[in-house]
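Build the full structure now, drawing on both the sequences and the hints.
Number of protein chains: 2
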Amino acid sequence: MSEYQINQRNKVKRIPDRGHYDHETVYAILDAGFLCHIGFVVNDQPFVIPTLYGRKDNKIYIHGASTSRMIKNLEKGFPVSLTVTHVDGLVLARSAFHHSMNYRSAVIFGTAKPVAPEKKDNALFVISENIIAGRWAESRKPNAKELKATAVLEIEIEQASAKIRTGGPKDDKPDYELNIWAGVIPMTMTYSEPLPDDLLKVSTPLPPSIKNLS
Amino acid sequence: MSEYQINQRNKVKRIPDRGHYDHETVYAILDAGFLCHIGFVVNDQPFVIPTLYGRKDNKIYIHGASTSRMIKNLEKGFPVSLTVTHVDGLVLARSAFHHSMNYRSAVIFGTAKPVAPEKKDNALFVISENIIAGRWAESRKPNAKELKATAVLEIEIEQASAKIRTGGPKDDKPDYELNIWAGVIPMTMTYSEPLPDDLLKVSTPLPPSIKNLS
Numbered sequence: 001m002s003e004y005q006i007n008q009r010n011k012v013k014r015i016p017d018r019g020h021y022d023h024e025t026v027y028a029i030l031d032a033g034f035l036c037h038i039g040f041v042v043n044d045q046p047f048v049i050p051t052l053y054g055r056k057d058n059k060i061y062i063h064g065a066s067t068s069r070m071i072k073n074l075e076k077g078f079p080v081s082l083t084v085t086h087v088d089g090l091v092l093a094r095s096a097f098h099h100s101m102n103y104r105s106a107v108i109f110g111t112a113k114p115v116a117p118e119k120k121d122n123a124l125f126v127i128s129e130n131i132i133a134g135r136w137a138e139s140r141k142p143n144a145k146e147l148k149a150t151a152v153l154e155i156e157i158e159q160a161s162a163k164i165r166t167g168g169p170k171d172d173k174p175d176y177e178l179n180i181w182a183g184v185i186p187m188t189m190t191y192s193e194p195l196p197d198d199l200l201k202v203s204t205p206l207p208p209s210i211k212n213l214s
Numbered sequence: 001m002s003e004y005q006i007n008q009r010n011k012v013k014r015i016p017d018r019g020h021y022d023h024e025t026v027y028a029i030l031d032a033g034f035l036c037h038i039g040f041v042v043n044d045q046p047f048v049i050p051t052l053y054g055r056k057d058n059k060i061y062i063h064g065a066s067t068s069r070m071i072k073n074l075e076k077g078f079p080v081s082l083t084v085t086h087v088d089g090l091v092l093a094r095s096a097f098h099h100s101m102n103y104r105s106a107v108i109f110g111t112a113k114p115v116a117p118e119k120k121d122n123a124l125f126v127i128s129e130n131i132i133a134g135r136w137a138e139s140r141k142p143n144a145k146e147l148k149a150t151a152v153l154e155i156e157i158e159q160a161s162a163k164i165r166t167g168g169p170k171d172d173k174p175d176y177e178l179n180i181w182a183g184v185i186p187m188t189m190t191y192s193e194p195l196p197d198d199l200l201k202v203s204t205p206l207p208p209s210i211k212n213l214s
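For the record, the sequence lines run as chains F and Z. Position 188 of the first sequence, counted from 1, bears residue number 188 in the working numbering, the numbering being contiguous throughout. Position 165 of the second sequence, counted from 1, bears residue number 165 in the working numbering, the numbering being contiguous throughout.
Don't take each hint at face value.
The list treats identical chains as one, so a pair stands whether inside a single copy or across any two.
To be verified - Only pairs whose alpha carbons sit at most 27 Å apart, straight line, appear in this in silico DSSO-like list of lysine-lysine:
1) LYS145 - LYS173
2) LYS201 - LYS148
3) LYS148 - LYS170
4) LYS72 - LYS11
5) LYS148 - LYS211
6) LYS141 - LYS170
7) LYS11 - LYS113
8) LYS13 - LYS72
9) LYS145 - LYS113
It is worth saying that the hints were derived from the structure and are not from the lab. Bear in mind the structure is a predicted one, so any value in this text is a computation, not a measurement.
Below, the structure is given as structure tokens:
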């Protein structure tokens, strides 16, 4: 199982038992989500911006309007940090101090660079598939003008760390005698019933991509 | 309705109609969540770290182990960016290009500073209440040793912007003739049935704080 190089930048210092550095674990966290928070620096000021992404092999793709501030700054090739977090539950301990959260997070380090025009289409496909598999095939594909208006960046993952907490609360021994409820409240992101567009032709059926969403 | 000062740092440039700068809108987005992504810079390298938070008035509180890298760097008083994002739905258009997401996000700018020891307890209460209202009152409170091991930082919101997208897809006129499904798939974070700790005393009832979670 390949691992990212570990150094000061990506080492999980706080509760190191929760840290993972293998590609498999990092990729699984990335592939379970579609929204990341990407950080970049302009004149010593950090910016943290939410954006959609897709992964293929060891690369993450993001996109945006060619004119957006995020894109214009990221294109310059400064170092970025890109983080994906899944909240899996609230962990309620008997003591306030030992309350915690079950989560899976991946912190990625790399630099962004523009995807060449002839490769944009495929990179957008990767992002689209990561959000709703099969949707790209159902949609009207981007034309030349739309592709031109869309900037796509790739971030080769130089280093990464994953951090995962699972399981129940851990209390101090004397606190187990207290009559205070303790346990986990699982949390999950859920899809509700699709709402058809008002202008949808009546004959248009719900496509497979939506039926396959869990 | 008070507004944050708008300048290059917080101005929403891409689709400015989605931008909001009033305290009320920013606070509502903050209060609807409990996990933020905070960005800080160490030697030109940005770090984006997920962390829990609470808000009171124009201040955001975060906490961590006194020994954590995030805390040690943030305490130095460098500029931070702190972002909260709620995913409300996937917006499926007829064209791949017009696919979008319904969301509410708030990007906060400020600097972090340590909360004085005598005010830590109250700041932790603010964070706890934001995650599960009423839970603090049910828990065994932090003792002196626990308070010492916990660093609490406050970030006065200097500037902020909110960005919100709601509603259905907007397609190009000719695409409305296509037989492609379009609409919104609502998404929401949900709580499942609480899982009691194995070591819970059988007589311990489910507390009001959990019953009140929606």
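Evaluation of the provided hints:
no. : hint            : result
1   : LYS145 - LYS173 : between (65 Å within a copy, 16 Å between copies)
2   : LYS201 - LYS148 : neither (30 Å within a copy, 63 Å between copies)
3   : LYS148 - LYS170 : between (53 Å within a copy, 19 Å between copies)
4   : LYS72 - LYS11   : between (30 Å within a copy, 15 Å between copies)
5   : LYS148 - LYS211 : neither (32 Å within a copy, 52 Å between copies)
6   : LYS141 - LYS170 : between (51 Å within a copy, 15 Å between copies)
7   : LYS11 - LYS113  : both (25 Å within a copy, 24 Å between copies)
8   : LYS13 - LYS72   : between (33 Å within a copy, 12 Å between copies)
9   : LYS145 - LYS113 : within (21 Å within a copy, 48 Å between copies)
Consistency note: the structure conflicts with the earlier hints numbered 2 and 5.
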